[in-house]
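Taken in order, these protein sequences are the chains called S and Y. In our numbering, each residue carries its 1-based index in the first sequence increased by 187. In our numbering, each residue carries its 1-based index in the second sequence increased by 207.
Since the hints were made in silico from the structure, they are not lab data. No residue lacks a Cβ here, since even glycine has one placed at the ideal position from N, Cα and C. Possibly wrong hints are sitting among the right ones.
Computed far set for chain Y versus chain S, every beta-carbon distance over 10 Å [what the hints assert, rightly or not]: (1) 244; (2) 401; (3) 494; (4) 503.
Ranges between beta-carbon positions, derived for each pair [claimed, not checked]: (5) Y:375 - S:282: 37 to 45 Å; (6) S:420 - Y:244: 35 to 43 Å; (7) S:404 - Y:375: 31 to 39 Å; (8) Y:278 - S:444: 50 to 58 Å; (9) Y:342 - S:230: 25 to 33 Å; (10) Y:323 - S:487: 43 to 51 Å; (11) Y:326 - S:415: 23 to 31 Å; (12) Y:375 - S:415: 25 to 33 Å.
Which chain S residues face chain Y? A few, computed with CB under 10 Å, are given here [to be verified]: (13) 393; (14) 399; (15) 403; (16) 418.
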Amino acid sequence: MRTDAPSVPAKGVAQAIPKPAPRRRSPALRRAFPYILLAPALAYLLVITLYPGLFAIYQSLFVVKFLTWEWTGFGNYSAILQDREFWAALGNTALIGAISLTLQTVIALAIAYFAYRDPFIRGWRIVYLMPMLFMPSAVAFIWKLAFNDGRVISDLLGRLGLIEGNIDWLGSIPLARLTLIVADVWQWTPFLFIIFVAALQGQDQEIEEAARLDGASWPSIFWNISLPMMRPVIVVAITLRGIDITTMFTNVFVMTQGTPGGATETMSYFIYRQGFRMFNFGYASAASVLMLILTVIIAQTVVKRAFHSGKK
Amino acid sequence: MASIHLQNIEKKYGAFVGVQNMSLEIADEEFLVLLGPSGCGKTTTMRMIAGLELPTGGKIVIGGEEMTEIDARDRDVAMVFQGYALYPNMSIYENIRFPLRMRGIPKAEHDARIRQAADMVELGSFLDRKPGALSGGQRQRAALARAVVRQPQVFLMDEPLSNLDAKLRQSMRVQIKHMQRQLKVTTVYVTHDQIEAMTLADRIVIMNKGAIQQVGTPDQIYSDPANTFVAGFIGSPPMNLIEGVAQNGRFVAPGVTAACPGYVQGRVTLGVRPEDCHVGGDNVQGMVYGVEPTGDTTYLTVLAGTKKIEVKAAREYRSDIDVPISITFDPAHLYFFGEDGQRIRGAA
Ligand SMILES: Nc1ncnc2c1ncn2[C@@H]1O[C@H](COP(=O)(O)OP(=O)(O)OP(=O)(O)O)[C@@H](O)[C@H]1O
Ligand SMILES: [Mg+2]
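The whole structure should be built from the sequences, with the hints applied where relevant.
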């Protein structure tokens, strides 16, 4: 079996492995070592997130008109909390986000449930990721074309005999919001689908078999067993998606620009408009900070709740 | 409740044969034990009876109905899985209740039934825990309770006691047997513990490499083994198998000689159980290799030529090692096997 006989002493196994000499390092270096390893990543994070973040917090305390900064303390914050447009943006974000998130979660779960046993679908997973791989602005433009400028959707619905003439998607509040929802659902359902399929495939198959022998139907197995077991995964996926949706910007910017009458203006778009259209930088910064706080609080409670009651 | 007929069933995984050409008649209310070494196809056989695995050949009939292609859900069998397969998101109470809920058993009966099943496996005080908070043995008992909480046509139990300590195992064995007699449910039980097989079974099926080696009552399996595999598998320590040559009514091997029937000729294997060997006499001339007192008996290993022969000696027997010793066989309990390993029986 062995061709190259190593020069191991024949006497026994115990002495075969020579003990390496203990390595020495100066205590100072040893203590610094982890930080040295972390330094590049930390530097990157500092430049990319921490600095702008801190800068925004600082700026939010000023009324900024181009180069003149005027201290106002929490003035921006109190103004925002009385700003009808801010609350409208918050409401729009919540409404569009909630509907969109619910739809994509339910659709992704449904497809995952029907598809996860199918080896063909598993093999072609990458195809389902395509919508996520496209550049977001490109996707937004495609939807803009489909709904508004190119009238593709109206045309299709017309040919199916569902409607007559063209729909003015931006002409009504529900329809305008619907276009944003459709675009987001199209782009992100596959992401959730992939995660849910993986979660289902990771489950012990014997448990399903046991349920089958206990007399459960497939839907009942999914409802009583598979779905509860997926709970932590669903929570994490929804949280990630939720944070993402809260900051929805590209589609709004490209497709609706907040029209009609601000009915599709999301938080991010509100901040953008304040900052880069009206040049209220301090005001925009304050809104960003509020939004950050809100996102963190919501995410934290959702995750905590879900995992806590899941464990009990 | 139901008899089970397996007709030439076979399970292939690609080129690998998991179970081959297996035919078996399991009578109504019978307690049948599948016994065999790891990987011999016991679980696979069970899964085919349960409907979790489709046989690649043959027919399965349960209660007079052809079931080969019927979905697991509609076969009305209950199974204890080797890996427990408890529902991790439900309490033990809900786990045991699940089959009652799914089979539409009236709600009013649930609680009493669940508590009865839980008490049987001594799990009454763990009902509100999740499976993750139980030890391996407790999970196993929960799985057992979930299987016995309803009265199915067939019980399938895949090593349901393998993770329990000796004492609990013994008491559960008695419980299972008692319960099966009470409920009168046909039971197929997998184990590789011989004691379990011997004590529980109406009949034992010995399997090896996907094929049935012998089917019989525990007594038949023990005192009338069909081949060297069964002989060497059953008993602890198992039967001594001594290869040698038989000629004109004499069996000879290095250090061993014995009388044999005239129809035993050529290269054969002599089988003799340790309890049919006695110190003294003239069948074996060898050296004492080891002495193991266990309390109620003493096991003696004798080296004859290069062959080690196990002898069950008297309780107080003691000896130095490496001293000459002779052994006699009980002539009424000698078994002879041919070169193919099959038992050589008298000319019929
Ligand atoms: N899905 C599968 N694909 C390929 N081979 C399999 C598969 N399932 C089982 N086998 C093989 O079939 C043989 C029988 O397996 P089985 O699980 O029935 O053994 P067993 O008798 O239950 O063993 P144990 O006592 O260890 O549980 C084994 O050799 C196993 O490797
Ligand atoms: Mg097994």
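Verification of the supplied hints:
1. The beta carbon of residue 244 of chain Y is kept farther than 10 Å from every beta carbon of chain S, the shortest such distance being approximately 22 Å.
2. In this structure residue 401 of chain Y is separated from chain S by more than 10 Å, as the shortest Cβ-Cβ distance comes to about 26 Å.
3. For residue 494 of chain Y, the non-interface assignment is confirmed: its Cβ lies about 29 Å from the closest Cβ of chain S, beyond the 10 Å cut-off.
4. The claim that residue 503 of chain Y is not at the interface with chain S holds, since no C-beta of that chain comes within 10 Å of its own (minimum 39 Å).
5. For residue 375 of chain Y and residue 282 of chain S, the Cβ-Cβ distance of about 59 Å falls outside the hinted range of 37 to 45 Å, so the restraint is violated.
6. At about 39 Å, the CB distance of residue 420 of chain S to residue 244 of chain Y agrees with the hint of 35 to 43 Å.
7. Checked against the given bound of 31 to 39 Å, the beta carbons of residue 404 of chain S and residue 375 of chain Y, roughly 36 Å apart, stay inside it.
8. Here the CB-CB span from residue 278 of chain Y to residue 444 of chain S is close to 56 Å, well matched to the stated 50 to 58 Å.
9. In this structure the hint that residue 342 of chain Y and residue 230 of chain S lie 25 to 33 Å apart at CB is violated, the actual value being about 49 Å.
10. Restraint check, residue 323 of chain Y to residue 487 of chain S: a C-beta distance of roughly 45 Å satisfies the suggested window 43 to 51 Å.
11. Residue 326 of chain Y and residue 415 of chain S have their C-beta atoms about 27 Å apart, which keeps the hinted 23 to 31 Å range intact.
12. Taking the beta carbon of each, residue 375 of chain Y and residue 415 of chain S are about 31 Å apart, inside 25 to 33 Å as hinted.
13. Of the supplied interface hints, the one on residue 393 of chain S holds, with its beta-carbon coming within about 4 Å of a beta-carbon of chain Y, less than 10 Å.
14. The interface hint given for residue 399 of chain S holds, since its Cβ lies 5 Å from the closest Cβ of chain Y, which is under the 10 Å cut-off.
15. Of the supplied interface hints, the one on residue 403 of chain S holds, with its beta-carbon coming within about 5 Å of a beta-carbon of chain Y, less than 10 Å.
16. Checking residue 418 of chain S against chain Y by beta carbon gives a least distance of about 8 Å; that is within 10 Å, so the hint holds.
Violated hints, listed in ascending order, are 5, 9; each of the other numbered hints is respected by the structure.
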